[in-house]
Amino acid sequence: MRNTLAIAAREVRTYFTSPLAYVVIGVFLLLSGYIFWASLVRFSELCLRFASNPYYSSQLNVNDMVVRPIFGTMGIIFLLLLPVVTMRLLAEERRTGTAELLFTCPVTSGQVVLGKFLGAACLFLTMIGVTVTYPILIMNSGAAPDMKPTLAGYFGVLLMGLSLLALGLLFSSLTDNQVVAAVSAFGTFLFLWVIDWMASSATVTLGALMSRLTLGLWEKFGLGTAGPTLGDLLGSLSIIGHLRDFQKGVIDTRDVVFYASVIFMSLFLTQRVVESRRWR
Amino acid sequence: MLEVSDITKTYGARTVVDRVSFSVPKGEILGFLGPNGAGKTTTMRIITGYVPPSSGSAKVAGFDVQDQPLEVKRRLGYLPEHPPLYPEMLVRPYLEFVARIRGVPRKQIRPRVDRAIERCGLQAVAGRLIAVLSKGFQQRVGLAQAILHEPDLLILDEPTVGLDPTQIREIRSLIKSFGGDHTVILSTHILAEVTMTCHRVLIINEGRIAARDTLEGLSARGGGGRRVLVRFARPADGAEAGLRALHGVAAVEAQDGGLVVEMRSGTDPREEIAALAVGRGWGLVEMRPITLSLEDIFIRIIRGEDAAVAAGPEGPAVQAGGPEGPAVEEGPAA
Chain A
1 MRNTLAIAAR
11 EVRTYFTSPL
21 AYVVIGVFLL
31 LSGYIFWASL
41 VRFSELCLRF
51 ASNPYYSSQL
61 NVNDMVVRPI
71 FGTMGIIFLL
81 LLPVVTMRLL
91 AEERRTGTAE
101 LLFTCPVTSG
111 QVVLGKFLGA
121 ACLFLTMIGV
131 TVTYPILIMN
141 SGAAPDMKPT
151 LAGYFGVLLM
161 GLSLLALGLL
171 FSSLTDNQVV
181 AAVSAFGTFL
191 FLWVIDWMAS
201 SATVTLGALM
211 SRLTLGLWEK
221 FGLGTAGPTL
231 GDLLGSLSII
241 GHLRDFQKGV
251 IDTRDVVFYA
261 SVIFMSLFLT
271 QRVVESRRWR
Chain B
1 MLEVSDITKT
11 YGARTVVDRV
21 SFSVPKGEIL
31 GFLGPNGAGK
41 TTTMRIITGY
51 VPPSSGSAKV
61 AGFDVQDQPL
71 EVKRRLGYLP
81 EHPPLYPEML
91 VRPYLEFVAR
101 IRGVPRKQIR
111 PRVDRAIERC
121 GLQAVAGRLI
131 AVLSKGFQQR
141 VGLAQAILHE
151 PDLLILDEPT
161 VGLDPTQIRE
171 IRSLIKSFGG
181 DHTVILSTHI
191 LAEVTMTCHR
201 VLIINEGRIA
211 ARDTLEGLSA
221 RGGGGRRVLV
231 RFARPADGAE
241 AGLRALHGVA
251 AVEAQDGGLV
261 VEMRSGTDPR
271 EEIAALAVGR
281 GWGLVEMRPI
291 TLSLEDIFIR
301 IIRGEDAAVA
311 AGPEGPAVQA
321 GGPEGPAVEE
331 GPAA
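Line order of the protein sequences matches chains A and B. Everything in the first sequence is counted per the numbering used here, starting at 1 for the first residue and increasing by one. Everything in the second sequence is counted per the numbering used here, starting at 1 for the first residue and increasing by one.
Just so you know, not all the hints are guaranteed correct.
[What the hints assert, rightly or not] What follows is a set of in silico ranges between Cβ atoms, one per label pair, in the way DEER data are often shown:
1. A:Gly72 / B:Ser57: 37 to 43 Å
2. B:Asp114 / A:Leu137: 44 to 50 Å
3. B:Arg14 / A:Thr133: 37 to 43 Å
4. A:Thr133 / B:Leu129: 32 to 38 Å
5. B:Glu88 / A:Pro69: 50 to 56 Å
6. B:Thr195 / A:Trp279: 33 to 39 Å
7. A:Leu151 / B:Thr10: 53 to 59 Å
8. A:Glu219 / B:Gly12: 33 to 39 Å
9. B:Pro165 / A:Gly26: 47 to 53 Å
10. A:Leu137 / B:Leu129: 36 to 42 Å
11. B:Gly162 / A:Thr17: 52 to 58 Å
12. B:Asp256 / A:Arg277: 53 to 59 Å
No lab work stands behind these hints, which were simulated from the structure alone. All values derive from a computational prediction rather than experimental measurement. Every residue, glycine too, gets a C-beta built ideally from N, C-alpha and C.
Just chain A, same shape as in the assembly (with noise of 0.2 Å):
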């Protein structure tokens, strides 16, 4: 725990000595600070026109019109941004021949892993920390959020944003070129996304497919081609697809387990990696 800690916390200096951390950070408010923003404008213009209609204003809700929107953008800042928080982690290490320090204390390759991990996490906790005072601003105003679906939706945030550090991690640890890193991360992270747009339109059903697959094997023994649709597979693997049920403030053990489970298969495959690396 004592070595995990005091490598998280060499992770954190080092971030927040460099720009790095603060180029994140402040590319991230901005943009999500400006969806806020922009979403609360158009949360007002709409209440002031219906103002005098009282069944429509009674249709607008805060938690619909602001809050929810801005936890979507965050996913899909994250996306875009955590790679770069991820890329220099074991990367770099290798790079300078740092790793053999490391290597050589008494320190097991999980907690250099871990240690990593809470490192980045630090960062991003910093990030999606001075987010809260969204919230808080329009806290006293007429437009005051319902607390509980905001809780949510920064718990599943927070749970997306942990997945997609340790997957970074874990290309980290693949290779000594941090652009290759980045760059492998990233189109992975996007790739969950995007299966999330084909899930939609891939109606046809996974026992219709292995049917096929099986030159109809599959229907003689009975198993049918009715059930889940590969659109459901597809779905239920898309990285920003968890996130939606935690934005409408419902959370639902099967995305929490989703997040946890991605969390721990990056974290161990990576210690795989670096255990083997030394292999080579």
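Chain B: place on chain A using the hints.
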């Protein structure tokens, strides 16, 4: 303290370290000598546990490097060829970080870091950014990092590279001060370094141990006094033939404006040479034994000519380059 047995490391078809075995007792400073690419660094990395060997094993203080890596790493200080520095950190925080992950107890971190800074002469730069330090200071920070937890076994891969002569002297005396309490392995391709700091020398070439000896033993291989150089003020034509006719002279050869006289073993014809020169009036101005310098011995060992040198007292010719194989004590019967 350190027991290396039969270590082999292959990368694909390339054998980098080939069946290397040696042991170092506690308190000894072992010089690890060899040309670039001889396998010094790989051997050291195997001992530190950074690189696993393809076969064979290494034991530090009785702990196997592969089976109990943490126990080994706790007792180890290591300065790799390129000092493992984080350029964006200040010197002191960097050393404190290393102390923490090396497992120095929290209360001792400060005094240990202070002591390492003092021993490596880093007081003036302790608050500076590592990136802006000169190569010499960076090397010293690397050394401070390796010694700050007072390791039982200190492994230094070319510790004096990039230092100026005064710094080299300081680092050498620092390394010397580590002998006795700590075991030190030092790799270098500078012979003078070995002469000044090490108790024993291990010469490694193309992945194999080419020679292992104490420093005295190695110098003795220079075949002290088996050859003498004589110089005459008025060299006559008959001088060479005259000398060759003397009893106890094996060969005579003109070299460097003088004559190199090869003596037969068990004889010492120097008196006769002097008497002859005086009698014929050649004007003897110089007569001195030729001993091989460490450099020569090293180069001979690397080239595989050492068999002839080692055979010095018995064999007649030094430069014959015997037909025997290159290996001296090691060398697998392949």
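Against the structure, the hints come out as follows:
1. A:Gly72 / B:Ser57: 37 to 43 Å: This hint is violated: roughly 57 Å between Cβ atoms.
2. B:Asp114 / A:Leu137: 44 to 50 Å: Holds - the Cβ-Cβ distance for aspartate 114 of chain B and leucine 137 of chain A, about 49 Å, lies within 44 to 50 Å.
3. B:Arg14 / A:Thr133: 37 to 43 Å: Since arginine 14 of chain B and threonine 133 of chain A have Cβ atoms about 59 Å apart, the given range 37 to 43 Å is violated.
4. A:Thr133 / B:Leu129: 32 to 38 Å: For leucine 129 of chain B against threonine 133 of chain A, whose Cβ atoms are near 33 Å apart, the range 32 to 38 Å holds.
5. B:Glu88 / A:Pro69: 50 to 56 Å: With Cβ atoms ~37 Å apart, the hint is violated.
6. B:Thr195 / A:Trp279: 33 to 39 Å: For threonine 195 of chain B and tryptophan 279 of chain A the Cβ distance comes to about 38 Å; the hint holds.
7. A:Leu151 / B:Thr10: 53 to 59 Å: Given range 53 to 59 Å: holds, Cβ gap about 57 Å.
8. A:Glu219 / B:Gly12: 33 to 39 Å: violated (50 Å)
9. B:Pro165 / A:Gly26: 47 to 53 Å: Holds - the Cβ-Cβ distance for proline 165 of chain B and glycine 26 of chain A, about 49 Å, lies within 47 to 53 Å.
10. A:Leu137 / B:Leu129: 36 to 42 Å: holds (39 Å)
11. B:Gly162 / A:Thr17: 52 to 58 Å: violated (25 Å)
12. B:Asp256 / A:Arg277: 53 to 59 Å: holds (55 Å)
Hints 1, 3, 5, 8 and 11 from the list above are not met by this structure, while the remaining hints are.
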